[in-house]
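If you count the sequence shown from 1, position 72 lands on 72 in UniProt numbering, and the numbers rise without skipping.
No wet-lab data here; the hints were simulated from the structure. Heads up, the beta-carbon is just placed ideally off N, CA and C, and yes, glycines get one too. Check before you lean on any hint, since a few could be wrong.
Stated by the list, open to error - Ranges between beta-carbon positions, derived for each pair:
#1 Arg105 / Gln55: 55 to 61 Å
#2 Ile100 / Arg34: 20 to 26 Å
#3 Ser43 / Asp70: 16 to 22 Å
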Amino acid sequence: INSDPVNDRGKGGRLNHKRTARLMRQMGLFGFTRKRRVKTTTSSKRAPRFPDLLQRRFTADRPNAVYVGDITYLPIADGSNMYLATVIDCYSRQLTGFAIADHMRTELVEEALTMA
């Protein structure tokens, strides 16, 4: 919505937020607000730390020796989320397994590992 110089003389072309809201209501327009990101983990100082078994070296000498994985969420149009778990072979750097579900429980990762 832009100011109308003919109807807004002497106002410097500014629009009051109330007028903007009224005009948007009349036109059936709605503002778009981004949703907050989904917080999937809660950090705890007392939680046990797991050792970095790969020492940040994501390579392998032979196929199917070292797998890495990730879980990501996929926002759906109805406002809910689907979760994607992936398993990648470090030797070939190919996707070897994946699973999609509407939850982020252990079964999701187990399915992806079974597929790999």
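Status of the hints after comparison with the structure:
For Arg105 and Gln55, the hinted distance range of 55 to 61 Å is not satisfied, since their beta carbons lie about 29 Å from each other. Between Ile100 and Arg34 the CB atoms are about 24 Å apart, so this pair conforms to the stated range of 20 to 26 Å. For Ser43 and Asp70, the hinted distance range of 16 to 22 Å is satisfied, since their beta carbons lie about 18 Å from each other.
Checked against the numbered hints given earlier, the structure breaks only hint 1 and satisfies all the rest.
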